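Chains as they are written, first to last, in the working numbering: chain A, 1 to 510; chain B, 1 to 376; chain C, 1 to 324.
Don't read these hints as lab results, they were simulated from the structure. Predicted, not measured: the structure shown is a model, and the values here were computed from it. Ideal placement from N, C-alpha and C gives every residue a C-beta, glycine not left out. Mixed in with the good hints, there may be bad ones.
[Stated by the list, open to error] Here are some chain A residues pointing at chain B (derived, C-beta under 10 Å): (1) Gly-306; (2) Gly-350; (3) Pro-379.
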Amino acid sequence: MTEPALELIGIDKHFGSNHANKSVSFRVQRGEVLGLIGENGAGKSTVMNMVFGYLKADHGQILVHGHEVDIKVPADAIAHGIGMVHQHFKLVDTFSVLENIILGSEGAFQLADRLALARGELAELSKAFGLNVDLDALVSGLSVGDKQKVEILKALYRKADILILDEPTAVLTPDETRHLFDILRQWRDQGRTVILITHKLKEVLAVTDRVIVMRRGAVVADLDTAHCTAEGLAEHMVGRPVILQVSKSVAVPGGDVVTLEHLSVNDSDGIPRVRDVSLSLRAGEITGLAGVSGNGQSELIEAIAGLMPISHGTIRFRGQDLGLGGSAESVRKRREMGIAHVPEDRLVRGLIAELSARDNAILGRQNDPSFNNRNFLRPSAILNHCRSLMASFDVRPSRPMQAGGHFSGGNQQKIVLGREMENAPAFLIVGQPTRGVDIGAIEFIHKRIVALRDQGAAILLVSAELDEILMLSDRVIVMSQGAIMGDIPASQADERQIGLWMAGDHKVAA
Amino acid sequence: MSRNQSLPWWVEIGVLPVINLAAAFIVSGLVMAALGHDPFEALGLMVTGAFGSADSLGYTLYYTTNFIFTGLAVALASHAGLFNIGAEGQAMLGGLGAALVGLVISPGLPGIIAIPLAILAAMIFGGIWGAIPGWLQAYRGSHVVITTIMMNFLAGALLTYLLVDVLIAPGGGTPESRSISENVWLPAAHQIAQSLGLELAQTPLNLSLLLGLFCALGLNIFLWRTRWGFSLRAVGLNPHAALYAGISPSRMTVLAMALSGALAGLVGANEILGAQHRLVLGFTGGYGFVGIAVALMGRNRPTGVIIASLLFGALYQGGSELALDMPGISRDLVVMIQGLIILFCGALENIFRSPLARLFAAARSTRAELTGTAGG
Amino acid sequence: MDDFITVSLALAAGSLRLAIPLMLGALGGLFSERAGIVDVGIEGKMLISAFASAAVAHATNSPWAGLAAGLGAGIVFALIHGVGAIAFRGNQVVSGMALNILAAGLTVTIAAALYSQGGRTPQLPDAARFRGTSFAAADGTSQLDPALRALFELVAGHNILVYLSLVLVPALVWLVHKTRFGLRLRAVGENPEAVDTAGIQVATLRYQASIISGLLCGLAGTYIAIAQSASFVPNMTAGKGYLALAALIFGKWRIWPTFFACLLFAFADAAQSRLQGLNIPGIGAIPVQFIQALPYVLTLVLLAGLVGRAIPPKASGVPYVKER
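In isolation and in its complexed conformation, chain A is listed as follows (with noise of 0.2 Å):
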């Protein structure tokens, strides 16, 4: 038997006081796609960092075909044939996609001789994977698929032959994804080797032939896809029975609380993300907003909650026009008239990492009377307040005093929840309520976020796992480049109807 073409042999990661990978081993032949699964923290794309050399393992040994490397660098692990897709894309905006791909393998000091010997190169690689991009477009203004793509051309015209990706579906539509996975099988099928980090299952069993289970920081089995089923890999992951499902009753839907009506919305820089949207959302019913990211999604809830301006129709809140909004007197307004938001990235908008839990409580409602007293903070009903929503949605450490950025992910969105919730809001706005938390709060949260439908409250669910709104939402409406495709109840919800529909075809729609 041959050598493996990758084998991690015991490797061990500190960061501070945290163990991110616990005495990791596992072996990658050539010609095999490997899944690398685990939930969020696993220390998946921590040990693939130090594969790649982005980070520096404290112990441990890797082995390329067989021989011992010291990879200190990124440059080493290209040299050894190693190449990385990274999740967020390391690509300079301001560059043309060819001075991109020859960034670090230049070849010579003058560029003018390279560019035009790699032109040649690359078209065929282009071509003999499928690959079309303009070599001479900006980066800027590419889309993501396009960017992954530069991503991938990078690794091959550095000769990579293990191609490692660190979730590469986030941001891409099932019709892309396809195609990566047809890429993927063609790069396997010439005899390299692929390391795909993931934590959607389903792909995991669609592309890979074998299968890395991590959970917290440790290798906790090493399966053939072919003898595992979804459920089976969920208990690996989590180290328990996992009940993918929420027990909840009936919705039973009141009124209109929210109407959207030939709702537009442009970015700042004038592109149109929201197109000509309308939409009612009732009290009692969970509406699930599925769709790739990047898709209008955040623009949609931002628009409603006051933080980008709509730039054709109206939002109505319980018959009232709701005005234009983009404005932080928008935001305040419609706080205080009952709309509840919790933003999907609660680092950039929910929390302010620095602050206190006690701060942090009150944030949003620095204005409300019950915190202050003409101008001045109250500090001890603060903290009261800051206690109590610790104690109802079980956030620990319950110390008040600690900054927000020091609590884990799971703690942090109880605490952002807690906060918008507790009020019994008319209607509550919710953006990835699960990114980064860990099984345990998710059961949790899930379970507060039904608890306020059934108290009456409309709820808009935004959510990059699929799963998640089909389990949670009474209704759910599929978002493509800004418009709606797809309107349909949970119980009828079909999984390759919505797919359909996220790639934004409409013709099936009917």
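Keeping the supplied structure of chain A fixed, place chains B and C upon it in accordance with the hints.
Using the frame of chain A, we list chains B and C on its own:
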């Protein structure tokens, strides 16, 4: 810095600044030794020069007053996430505002009205000079660091022009205005002492020191006890989250820069109303730039700013005395020490922060192990 | 008419001489900022170099030794800034201001101790300086037409550093836009992660850029002290480093536009002495301070977005910390 870099609060605001300061003084001492001077003798002379007599103490506190104003100005802007290096120019405008009131006001007006009017003018002029870069940052996206640099030069050019061509005392040969009317003069410390039946040396120290301490107290309350301060700090830490919370980052940016400029403008009160009693060229003497060092050392906290101001006040006064007492030593030694302090407190502070953080992390885990064994 | 030509040529020559230190300082700042390190310390680097070059030229009686010292001092200061920004991830604006203040204090402290001339260095003899040819003094040209003489001065009358600097501009354009180093430099100021994952050391690249920045600012300081003047005088850069920074922004971080911005600012400076006392009908005399303030006003107007938009390199001022 990141989580594993966190230090206990008393190290962060107490120990680390002292270590940074010590590093700056050690390097200064080495430079002096290399130039053939005894650094310890110089240090001794500086300390006596700053605190040795009532006279020198008065001068030290007079300089301290200026640093309190500029230090608070830089600190306030920092809390809004803005780096105000325009305190120098804002102070110039503050002086101009105070002087204009002093020049045009009727000498018959009682001081109780005239003085607050002149102080207010200093704050408004400085505030406007701060609000302009604030507005440019908030609504035009021009970086406040660059625009405040430009505004410093514009303030200098404006003041020179006014003193050379417009406000120059009739018949005068130097670019300075005539005396401002006496009813806007701030009472000097020795005058106040006299009215209380005490004898004090005659120094430029005046009522502004109390004004400075009052401002520090006010800023403390403003930042941590009012919703405005809460909003301002929220904008400084995370403008996206601030907008989400219904706070306008643009408005807070303009407000912070205006208030910061107003504080810096009060240097004009100390200098023009309290000491010089006329508008002169270059009365700001670099106090605005030293405000950066003061705020850095004082960790942007009003109490810290007061302590750091006293240090820099002593350095200024001690340095002047040293230059008189030790041949071959220039007053610019103080400028060098200030530069080194800014370097070690600001740019290079992680030299000492990282080892300290490691030390404390190690101590914590040892302690945890010890209690672990004791408990088991 | 002849008089007008003579004056214009003399003005052009004067502008060029004043533009050189600005241009060198601005290009120094450009290399630092294109690599992602904010550089408000141009002034300090120029000042320390001015002192070092004057002191060494005085001690050795050689302008070339002075030049070497000026370049060396520029590099040392640039590396202090570099270490603070790259290795210790300090605040880059604070670091730049620290260098400016440190240079102002350190130069005078040393000069006062060494020469006891109030912070100056002793007057340099001609042999210890970089000097241009004066056609007015040279034999055989004294009877030349004044306009022709002015033309000679503009074309051939400068010291060697002027010509060196003028050759440097296209050379640096080539370096930034046509070479591997330039490609990497431009990339690291926009997205250091792209550079890192492409197998290039971010820190090394930024240190290289810092050294180039120090060299150029060092050359600027040397020019001011031992070519333009004949000694070091306290605070002799007098804000030229800040003006260079303004020119760099005005030139939108690109070499040729920055070069022309420097020429424009230098022209304003050269013209002010001639415009002094000039009466404009209906307005009266233009105060000299207004002309001095002009470059700063222009830069503010540009920054306010009233004329185009100045967008700095994206990663500028952000210490590079790897994502986990």
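Sort out which numbered hints this structure fails and list those numbers smallest first. none
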